[in-house]
Amino acid sequence: MQNDEIDSSLQPLVDRLRELPESDPRAVKRVLARVRQDDGRPNARRRALRRYFSRRSGWWAAAAVVVAAAGVTLFARAAVQSSNYESATLIPAVSDGAPTPVVPAADSDDSLSLERLVARKFTIESSQARQVSLVGDFNQWNPRQHRLHREGKTATWYITVQLPAGLHKYAFIVNDSVWTTDPSALRTVDRDFGVTSSLVLVQ
Amino acid sequence: MTAARPRLLRAIPNNRPAPIEVPVVLSRETLLSARDGDPVAFAQLVRTYYPRCLRFAQHLLSSREDAEECVQDTFVRVHRALHRYEERERFDAWLFRILANRCRTARRRLTRWSLFHSADLDRVTPISTSRVDGFVARDEIWHALAGLTEEQREAFLLRHVEGLTYEDIAAVAGIAVTAVRMRVSRACARLRDTINEADAERRNR
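Chains as they are written, first to last, in my numbering: chain H, 9 to 211; chain Y, -17 to 187.
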């Protein structure tokens, strides 16, 4: 027998893998509806951009857009720096009595310091974890920025992060490899990124 | 002499109905009608191939939502490109080439993280025997597949689950036939190891 053939030890596994998922007629209807909506071409926005930049003069227009964007950004930064830093309101951690480390949501960013920050504690139970990171839109999904701390020798991992008010998406990454949503929070599927994240509302 | 059934999947009852063999047969006439723009024939094509596509995408992406999204995208692309399909190629190989591309794109979006949204961190560890039998078996399948690289998993599924030939898979993956054989062979070896490890672990409990 060749190594790439199925023997009796693999046969039960292959049998299970061959089982077809439950058929959902609505799913097929959804597919057909999407096919009907599709006009067979790239979407309108992309089409418009392509048409715009395909013209010879489009490159000059693109350069102008880039320069204008850079100018607006520089102007905004200057305006923020000249504003009153005293108006920043930092609220200490309130969600637990333990002396938990409170970490700002992002690296010192001038624009952020003007926002009202609220401390939020994130916890997750995992007996298998050796390391847990918190990632979210508030730290650009950077797994190195917010490492959770283990609560003694328990399976509870926690971190308190100061977040600007608003709705944030987040998730945990366990052992640098397993994407995990927060079982105690609402979840959402990110259409662009294709992953499920948890939601936290900071008020 | 029949070999003993491995312990890994012994939880599956023996009287379970036989697994559904790849049932996809779309008549040539229907396929050609769909290619010529007949919406009824295209709907028939979707109904015929949807379950297989979903099965493949689910095994690759480990998430039903992501898999459904990929399959939808695939059929939209099939609809756009069907007029370019040539009969000399096997249709399901052509279809799975598009689907595999969509799945790869979806996985790339997930960066380097494996996507096991888990309420279930246990999925990557040996499963407690206190759970019900069916769940043990299903979870162990995930565990076994998670031990393969993305390329190995894709090649293994196309060969032994979807029934494509090595030549078809080579076209899907864009690599040589010998490389496909190597991937499938390594996938089989890795799966056997996983089964044996799980078996040994259970014996030691």
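By construction, these hints were calculated from the structure, which means they are not laboratory data. Please read all numbers here as calculations on a predicted model, not as lab measurements. Every residue gets a Cβ at the ideal spot worked out from N, C-alpha and C, and that includes glycine. Warning: the hint list may mix true and false statements.
As the list claims (entries may be wrong) - Stretch by stretch, here's where chain H covers chain Y in the computed footprint (C-beta under 8 Å, at least three residues):
#1 30 to 43
#2 53 to 61
#3 72 to 80
#4 134 to 148
task: Would you pick out the hints that fail for this structure and give their numbers low to high?
output: 3
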